[in-house]
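Now for the letters of each chain:
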Amino acid sequence: MAETAHEPDDPRRAHHDMGGVPRYLCEAIDTEPHRLTEFDREVDALRQMLALKGLMTVDELRRGIEEIPEAEYHRLTYYERWIRSMTANLLRKGVIGEAELRASLPGETP
Amino acid sequence: MTLAPGTAVRVRDSWPEAEGPAHIRTPHYLRGRNGTVMRLLGSFPNPEDIAFARPAPLRELYHVAFRPAELWPGGGGDELLVEIYEHWLEEPR
Amino acid sequence: MNLAAEDGRALLAAVTALLGEKGLVSPAEIAERIAVTETASPAQGARMVAKAWTDPAYRALMLADGTAAAEAMGAFMRGSPPLGVLADEPGLHHVVVCTLCSCYPRAVLGYPPFWFKSTGYRARTVRDPRGVLAEWGTILPDATRIRVVDSTADYRWMVLPERPAGTEGWPEEALAGLVRASDMIGVTLPAAG
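Residue numbers (the numbering used here), protein chains in the order written: chain A, 664 to 773; chain B, 6 to 98; chain C, 478 to 670.
Think of the hints as simulated: they come from the structure by calculation, not from any bench.
All residues carry an ideal CB built from backbone N, CA and C; glycine is no exception.
Hints are not guaranteed to be accurate.
Claimed, not checked - Among chain C residues calculated to face chain A with C-beta under 8 Å, some are:
#  : residue
1  : Leu480
2  : Ala481
3  : Arg486
4  : Leu488
5  : Ala494
6  : Leu501
7  : Leu577
8  : Cys578
9  : Tyr588
10 : Phe591
11 : Lys594
12 : Arg599
13 : Asp605
14 : Val609
What the hints assert, rightly or not - Taking lysine to any residue and the SDA-like style, the derived pairs with C-alpha atoms no more than 20 Å apart in a straight line are:
#  : chain 1 : residue 1 : chain 2 : residue 2
15 : C       : Lys594    : A       : His679
16 : A       : Lys716    : C       : Glu498
17 : A       : Lys716    : C       : Phe553
18 : A       : Lys716    : C       : Lys594
19 : A       : Lys756    : C       : Phe553
20 : A       : Lys756    : A       : Ser767
21 : C       : Lys594    : A       : Ser767
22 : A       : Lys756    : C       : Lys594
23 : A       : Lys716    : C       : Ala490
24 : C       : Lys499    : A       : Ala762
25 : A       : Lys716    : C       : Gly497
As the list claims (entries may be wrong) - Just some of the chain B residues that point at chain C, by a computed CB distance under 10 Å:
#  : residue
26 : Trp20
27 : Leu35
28 : Arg36
29 : Phe49
30 : Pro52
31 : Leu66
32 : His68
33 : Gly82
34 : Asp83
35 : Tyr90
36 : Leu94
Same shape as in the complex, but just chain A (with noise of 0.2 Å):
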C-alpha cells in the first residue's frame, strides 16, 4: 500500500478516529499476549462500579478519552487513558473536588 504512504488525512477526523488513517497503515501489530497488570484490572473494575453506581457512563468514559490530547493519548497506555478520563468525569461532575485530589495526590502541596 506504498501509494497510501503521501495520501493527506483529513484535518476534520478527531484523533481517537482512526480507521483507515494513511500513517498507521505501516503499523506493525505486536500479537503478543499481555497480561494485565494490578493496575489495570482495579481501573477496568472502578470503571464499572461508577457505571454501576451511576456516576459515570460509558459514552461519559469514550468522551474523557477522546478529550485527552493527540501526543498524550498516544504516550498513555489503555488503562493509564481510562484513568484520567474516569477523574476527568468525576471532576467535573463534582463528585470529587479537585483541592481534595491534589490534596491526595503525593507530592502537591495543599
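Chain A is fixed; fit chains B and C onto it per the hints.
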C-alpha cells in the same frame, strides 16, 4: 420511518467534531459515502447525548454495508459492515 | 489541572480513596468486581462455538439472538450490550475491529487483548484486512471474501468460525478446546491438532 433491508443510503458528510466538543460513533472514513442497509439492529439512547449527560432520545441503529473499494481504491477487504444511527443516514445523491 | 501529566497509579489511589471516604465505592466492591470480571473468558465463547458446531438448533439461536445463546450457556449478560454473531461460511470470512475505541464482546470473551486495542490494529483492519491477518500467519484463499465489521456502537460482535476439518465425531468439550479469542474475532482460524 424504519429503513428496510436493501435501502440505499448515504452517510451525512457532517463533521461536528471539527466545530466543538462532540462524541460521535460514525467513523470519519464513512462521511459522505454510500452504503446499503442490511438490517435494523434496534433502538438505543443516542450516545452523542449520553456522553454529555444530556437527555438521550432513542435512535434506530442500522447495520449498513459499504464497498471498501469505493472507500479506498486498491485497498480494503471485500465487504464492510458498520453500525450507523438513523440520524447519520440520508438519501443517496 | 493537567491530568495527563499526573501519575496514573497515584490518580487511581487518590480517586479510590476519595470515593471510599464519601461512601460511593468501597475497596471491597472493587475487589468483588475484579473477581466477577474474571469469570468471563474466551472459554465461554469457545463453548458457544463448539455447541453451534454440533447442535443446529443452538446455531440457529446463536445467529438469531447472540445474547440469548450466551445466556443459555451460562454467560452473565445483564447490563452488557447485545451480542451479535457473525457466521463464517465457505468463501466468506469475518473479522471484527473497533476503529473508534475497543468495543469487544467482553461478556463472552473476557478482557480485550492488547492487540485489539492497538493503533495498528484499529487503523489497518478496515483497510487492509489481509495484511492484518498475515500478522498472525493467517492466509485466506484469494476467492474467500473478507467481511470486516467495524464495531462502532451499541452491539458487540463475535465470529462463529467454520468447524475445522478432521474433527468429525469430536465431543463438544474437545471442540471448545480448539477455539481461541483470536478465532472469535477473526484474525486466526481454529485447526485440529
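Taking the hints in turn, this is what the structure says about them:
1. At a threshold of 8 Å, the smallest CB-CB gap from Leu480 (chain C) to chain A is about 4 Å, leaving the interface hint in force.
2. Annotation: Ala481 (chain C) was flagged as interfacial toward chain A, and the flag holds, the nearest CB pair being 4 Å apart, inside 8 Å.
3. Checking Arg486 (chain C) against chain A: minimum C-beta separation of about 6 Å stays under 8 Å; hint holds.
4. Contact between Leu488 (chain C) and chain A, as hinted, is supported at the beta carbon level, the nearest pair being about 5 Å apart and thus within 8 Å.
5. Taking 8 Å as the C-beta contact cut-off toward chain A, the hint placing Ala494 (chain C) at the interface holds, the least distance being around 6 Å.
6. Because the beta carbon of Leu501 (chain C) sits about 6 Å from the nearest beta carbon in chain A, less than 8 Å, this interface hint is met.
7. The interface hint given for Leu577 (chain C) is met, as the beta carbon of that residue sits about 6 Å from the closest beta carbon of chain A, less than 8 Å.
8. Restraint check, Cys578 (chain C) versus chain A: the minimum CB separation of about 6 Å is within 8 Å; hint holds.
9. The interface hint given for Tyr588 (chain C) is met, as the beta carbon of that residue sits about 6 Å from the closest beta carbon of chain A, less than 8 Å.
10. Here the hint on Phe591 (chain C) is kept, as its CB sits about 4 Å from the closest CB of chain A, short of 8 Å.
11. For Lys594 (chain C), the suggested interface contact is upheld, since its CB lies about 5 Å from the closest CB of chain A, less than 8 Å.
12. Interface hint at Arg599 (chain C): satisfied, since its Cβ lies 5 Å from the closest Cβ of chain A, which is below the 8 Å cut-off.
13. A least Cβ separation of about 6 Å between Asp605 (chain C) and chain A falls short of the 8 Å threshold, and the interface hint therefore holds.
14. At its closest, the beta carbon of Val609 (chain C) sits 7 Å from a beta carbon of chain A; the interface hint therefore holds under the 8 Å criterion.
15. Between the alpha carbons of Lys594 (chain C) and His679 (chain A) the distance comes to roughly 11 Å, so the proposed pair stays at or under 20 Å and holds.
16. Under the criterion of a C-alpha separation no larger than 20 Å, the hint pairing Lys716 (chain A) with Glu498 (chain C) is consistent with the structure, at around 15 Å.
17. With a C-alpha separation of about 19 Å, the suggested pairing of Lys716 (chain A) with Phe553 (chain C) holds against the 20 Å cut-off.
18. For the suggested pair Lys716 (chain A) and Lys594 (chain C), the alpha carbons sit about 26 Å apart, so the restraint of at most 20 Å is broken.
19. Restraint check for Lys756 (chain A) and Phe553 (chain C): not satisfied, since their Cα atoms lie roughly 30 Å apart, outside the 20 Å limit.
20. Distance hint between Lys756 (chain A) and Ser767 (chain A) is fulfilled; the C-alpha atoms sit about 18 Å from each other, no more than 20 Å.
21. For the given pair, Lys594 (chain C) sits about 31 Å from Ser767 (chain A) by alpha-carbon distance, which is inconsistent with the 20 Å threshold.
22. For a cut-off of 20 Å, the pair hint linking Lys756 (chain A) to Lys594 (chain C) is broken: about 28 Å separates their Cα positions.
23. Pair hint Lys716 (chain A) plus Ala490 (chain C) holds up; C-alpha atoms about 19 Å apart against a cutoff of 20 Å.
24. Of the pairs offered as hints, the one joining Lys499 (chain C) and Ala762 (chain A) holds, with about 15 Å between alpha carbons and a cut-off of 20 Å not exceeded.
25. Pair hint Lys716 (chain A) plus Gly497 (chain C) holds up; C-alpha atoms about 13 Å apart against a cutoff of 20 Å.
26. Violation of the interface hint for Trp20 (chain B) is found here, the shortest Cβ-Cβ separation to chain C being roughly 15 Å, above the 10 Å cut-off.
27. Look at Leu35 (chain B): its Cβ gets to within about 9 Å of chain C, closer than 10 Å, so that hint holds up.
28. The beta carbon of Arg36 (chain B) comes no nearer than 13 Å to any beta carbon in chain C, farther than 10 Å, and the hint placing it at the interface is violated.
29. Given the 10 Å rule on beta carbons, the hint for Phe49 (chain B) holds: about 4 Å separates it from the nearest Cβ of chain C.
30. Evaluation of the Pro52 (chain B) hint against chain C yields a held restraint, the C-beta minimum of about 7 Å falling below 10 Å.
31. The beta carbon of Leu66 (chain B) comes within 6 Å of a beta carbon in chain C, closer than 10 Å, and the hint placing it at the interface holds.
32. Given the 10 Å rule on beta carbons, the hint for His68 (chain B) holds: about 8 Å separates it from the nearest Cβ of chain C.
33. Checking Gly82 (chain B) against chain C by beta carbon gives a least distance of about 4 Å; that is within 10 Å, so the hint holds.
34. Below 10 Å, beta-carbon pairs count as interface contacts, and Asp83 (chain B) has one with chain C at about 4 Å; its hint therefore holds.
35. Of the supplied interface hints, the one on Tyr90 (chain B) holds, with its beta-carbon coming within about 7 Å of a beta-carbon of chain C, less than 10 Å.
36. The beta carbon of Leu94 (chain B) comes no nearer than 13 Å to any beta carbon in chain C, farther than 10 Å, and the hint placing it at the interface is violated.
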